[in-house]
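Protein chains: 2
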Amino acid sequence: MQERIKVALDAMGGDYAPEATVQGAVEAVKEKENIKVFLVGKQDAVEAELSKYSYNKEQIEVVPASEMIEMAEPPVMAIRKKKDSSIVVAMNLVKNHEADAFVSAGSTGAVLVGGQLLVGRLKGVERPPLAPLLPTEKGVTLLVDCGANVDARASHLVQFARMGSIYMEHIVGIPNPKVAIVNIGAEEEKGNALVKETFPLLKECTDINFIGSIEARDIPKGDADVIVCDAFVGNVILKLYEGLAGTLVSVIKKGMLSSLRSKIGAVLVKPALKETLKSFDAEEYGGAPMLGLKGLVVKSHGSSNHTEIKNSILQCAAFNEQRMNDRIAAAIQKEAPGSDGGRE
Amino acid sequence: MQERIKVALDAMGGDYAPEATVQGAVEAVKEKENIKVFLVGKQDAVEAELSKYSYNKEQIEVVPASEMIEMAEPPVMAIRKKKDSSIVVAMNLVKNHEADAFVSAGSTGAVLVGGQLLVGRLKGVERPPLAPLLPTEKGVTLLVDCGANVDARASHLVQFARMGSIYMEHIVGIPNPKVAIVNIGAEEEKGNALVKETFPLLKECTDINFIGSIEARDIPKGDADVIVCDAFVGNVILKLYEGLAGTLVSVIKKGMLSSLRSKIGAVLVKPALKETLKSFDAEEYGGAPMLGLKGLVVKSHGSSNHTEIKNSILQCAAFNEQRMNDRIAAAIQKEAPGSDGGRE
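Protein chains in written order, with numbering that gives the first Met the number 0: chain A, 0 to 343; chain B, 0 to 343.
The hints are simulated quantities; they were obtained by calculation from the structure and are not laboratory data. Just to be clear, a hint being listed does not mean it is correct.
Copies of the same chain look alike in the list, so a pair counts if it fits in one copy or across any two.
[To be verified] For lysine-lysine, the following DSS-like pairs were computed, each having C-alpha atoms within a straight-line distance of at most 25 Å:
(1) 80 x 253
(2) 273 x 252
(3) 51 x 238
(4) 269 x 220
(5) 238 x 177
(6) 137 x 253
(7) 220 x 333
(8) 252 x 41
(9) 262 x 137
(10) 80 x 189
(11) 82 x 238
(12) 35 x 80
(13) 94 x 35
(14) 122 x 51
(15) 262 x 273
(16) 82 x 31
(17) 35 x 202
(18) 195 x 35
(19) 293 x 273
(20) 122 x 253
(21) 202 x 220
(22) 253 x 333
(23) 51 x 220
(24) 35 x 252
(25) 94 x 253
(26) 81 x 137
(27) 81 x 122
(28) 220 x 56
(29) 94 x 189
None of these values were measured; they are calculated from a predicted model.
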């Protein structure tokens, strides 16, 4: 049998932990024989959940961690102080090569800080971005960056484009993915200072398929496979996507219940509509990878249910099988052989 | 009879000009007796359209302009060179006090440049923002800025907050409007450099009702009445709003037509749905004002139909009746009595 991919799961992270995390882990190991999950968290609570299921005992192991990092805690302080928190213990498994990947639905800030401080950057990577998949009319688009790099530089965005391109090609399976930069017009001379500086650098990259600017209105159409921007803009796009989709669906539901006639219609369209909107639901696509680290770090949505947790774990297997970190390290090194990767 | 508000309309601007512009003007003067519209554009084309309607001749006057500024033209050059374009001729009417307001569905860039260069800023205003209304679950939110100030400074955003607040209170009729800054988290320490610098300045403003940060996910809920951000972020929000709403509605329509059962349902829900989605349609609310100029400049959507043009014209009447520019000038002057208003 091939060697198992080892995933350290923050069993205490997210709104529905540890129920959803434990259930997701059980479902993942049942679906793939080549995965082993370390359930990291409060031993009693995790074992109590785990006792509800039957599964292959070789594929799940509980690793005790007595502390928890709360959503509102300042991340740097939390990572430094709470040495026995589920996030720190699980990330240290990756750091010490006892696990290949880390998955958490907990505090995004703590995951971003822990990724940098504990797991560490690959040589040459200036800033590791967080890259969620956005649903579009045609499939999905990778949005790089939604992480901590709010005042990013042009060189960061160029690396985001390279790393994102590799991810879409090898994990999502889009050959020669189209890369675009978020802009406020299609022309090259448009944009803020960062975009104007980054655009010509992206044009020079021979290892990516750069198609130019994308306006926000065209993102939902799926005109690009990878879109790069600083994390402030990326966060606005991601959050508005979620918020507006939620609001529109609720407005539409209210509209359907406004008369007897439309109520009857609503009953008839409901199943088809549910199916269609599912394809527009980020939950189906697993978590957002933090790219450019020495191990895989996946941030799952805070409101993740067991399916999203399961998908995030399964995603780790693909990442490892594709030797993603080797590919990213090679691409970054090729471009910047002199970089020490640790300079700020 | 009270004096008529004089509106200079760019009759050649927008995808459906001059049909939609002329029809919108006729509808506006029929609805309000105290409006006079100057239809500025190619005389033959405008008069041919106008001959289709009957209206009070005192309320519409054709002003010839032989040139047109195209959407793709570099705006600064176009405004400087095309002295006989509909935009330049119409804006000069405002500059020379022959008209109170200017409305165009043409090139946004040309309108922004013309607003600054021809109409001119009110004393003390550093950067005039473009401020469209976004539909929300609760009504509308004013988004300041979506104009040309992509690399804005903190002092600009503070003025945007003041001017936006005055607009929402006196034109849209929201008493003590809630003002928020677009951010990537609710806490004061979150944000990029611009937001971190602006936040404490907004907190100090005693003349606005500042409620703190708003995350993009909460914008569609209508949690704030005025939201401020630099124009790059504002443009991303506005365009994603339009694009995502359009995509979702088309995805939902497709879903409804996917089975016979749901097709029947679709027929039954259609009228109610149409009514609901109408409330989520920016078209109903007129154009986006450019705030802080010596005359009113309103940018209507490029795809404006006659209703949107009509609403943009009617909006000018409210602006004038409320003496908006006096209010803005007073608010800006009060805060910065030493400013000369023309310094870059």
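Outcome of the hint check:
1. Taking CA atoms no more than 25 Å apart as the test, residue 80 paired with residue 253 passes in neither setting, with 47 Å inside one copy and 52 Å between copies.
2. Proximity of residue 273 to residue 252 under the C-alpha cut-off of 25 Å is found in both arrangements, the shortest distances being 12 Å within a copy and 12 Å between copies.
3. In the homo-oligomer, the alpha carbons of residue 51 and residue 238 never lie at most 25 Å apart, since the shortest distance is 35 Å inside one protomer and 48 Å across protomers.
4. In this assembly of identical chains, residue 269 and residue 220 lie within 25 Å of each other by CA distance both inside one copy and across copies; the values are 24 Å within and 24 Å between.
5. In this homomeric assembly, residue 238 and residue 177 come within 25 Å of each other (Cα to Cα) both inside a single copy, at 23 Å, and across copies, at 21 Å.
6. Taking the shortest alpha-carbon separations for residue 137 and residue 253, only the inter-copy value of 13 Å comes in at or below 25 Å, while the best intra-copy value is 28 Å.
7. With identical chains, the CA atoms of residue 220 and residue 333 are never at most 25 Å apart, being 33 Å at best within one copy and 47 Å at best between copies.
8. Neither within a single protomer nor between protomers do residue 252 and residue 41 lie at most 25 Å apart by alpha-carbon distance, with minima of 41 Å and 47 Å respectively.
9. Taking the shortest Cα distances, residue 262 and residue 137 sit within 25 Å of each other only across copies (23 Å), while inside one copy they are farther apart (31 Å).
10. In this assembly of identical chains, the alpha carbons of residue 80 and residue 189 lie at most 25 Å apart only when taken from different copies (21 Å versus 45 Å within one copy).
11. With identical chains, the CA atoms of residue 82 and residue 238 are never at most 25 Å apart, being 31 Å at best within one copy and 44 Å at best between copies.
12. Proximity of residue 35 to residue 80 under the C-alpha cut-off of 25 Å is found in neither arrangement, the shortest distances being 28 Å within a copy and 69 Å between copies.
13. With identical chains, the CA atoms of residue 94 and residue 35 are at most 25 Å apart within one copy only, with a shortest distance of 17 Å there and 73 Å across copies.
14. Neither within a single protomer nor between protomers do residue 122 and residue 51 lie at most 25 Å apart by alpha-carbon distance, with minima of 43 Å and 71 Å respectively.
15. In this homomeric assembly, residue 262 and residue 273 come within 25 Å of each other (Cα to Cα) both inside a single copy, at 16 Å, and across copies, at 14 Å.
16. Taking CA atoms no more than 25 Å apart as the test, residue 82 paired with residue 31 passes in neither setting, with 31 Å inside one copy and 70 Å between copies.
17. Taking identical chains as interchangeable, the C-alpha atoms of residue 35 and residue 202 are never at most 25 Å apart, the minima being 42 Å within one chain and 51 Å between chains.
18. In this assembly of identical chains, residue 195 and residue 35 lie within 25 Å of each other by CA distance neither inside one copy nor across copies; the values are 46 Å within and 43 Å between.
19. In this assembly of identical chains, the alpha carbons of residue 293 and residue 273 never lie at most 25 Å apart, being 39 Å within a copy and 52 Å across copies at closest.
20. For a Cα distance limit of 25 Å, the shortest separation of residue 122 from residue 253 qualifies neither inside one copy, at 52 Å, nor across copies, at 47 Å.
21. Taking the closest pair of Cα atoms, residue 202 and residue 220 come within 25 Å of each other only inside a single copy of the chain (23 Å); across copies the shortest separation is 39 Å, beyond that limit.
22. In the homo-oligomer, the alpha carbons of residue 253 and residue 333 never lie at most 25 Å apart, since the shortest distance is 55 Å inside one protomer and 46 Å across protomers.
23. For the homomeric pair residue 51 and residue 220, neither the shortest alpha-carbon distance inside one copy (43 Å) nor that between copies (39 Å) is at most 25 Å.
24. Within a single copy, residue 35 and residue 252 get their C-alpha atoms no closer than 42 Å, and across copies no closer than 43 Å, so neither meets the 25 Å cut-off.
25. Proximity of residue 94 and residue 253 under a CA criterion of 25 Å is satisfied in neither setting, with 50 Å inside one chain copy and 47 Å between copies.
26. In the homo-oligomer, the alpha carbons of residue 81 and residue 137 never lie at most 25 Å apart, since the shortest distance is 43 Å inside one protomer and 42 Å across protomers.
27. Neither within a single protomer nor between protomers do residue 81 and residue 122 lie at most 25 Å apart by alpha-carbon distance, with minima of 27 Å and 55 Å respectively.
28. In this assembly of identical chains, the alpha carbons of residue 220 and residue 56 never lie at most 25 Å apart, being 45 Å within a copy and 46 Å across copies at closest.
29. Within a single copy, residue 94 and residue 189 get their C-alpha atoms no closer than 42 Å, and across copies no closer than 28 Å, so neither meets the 25 Å cut-off.
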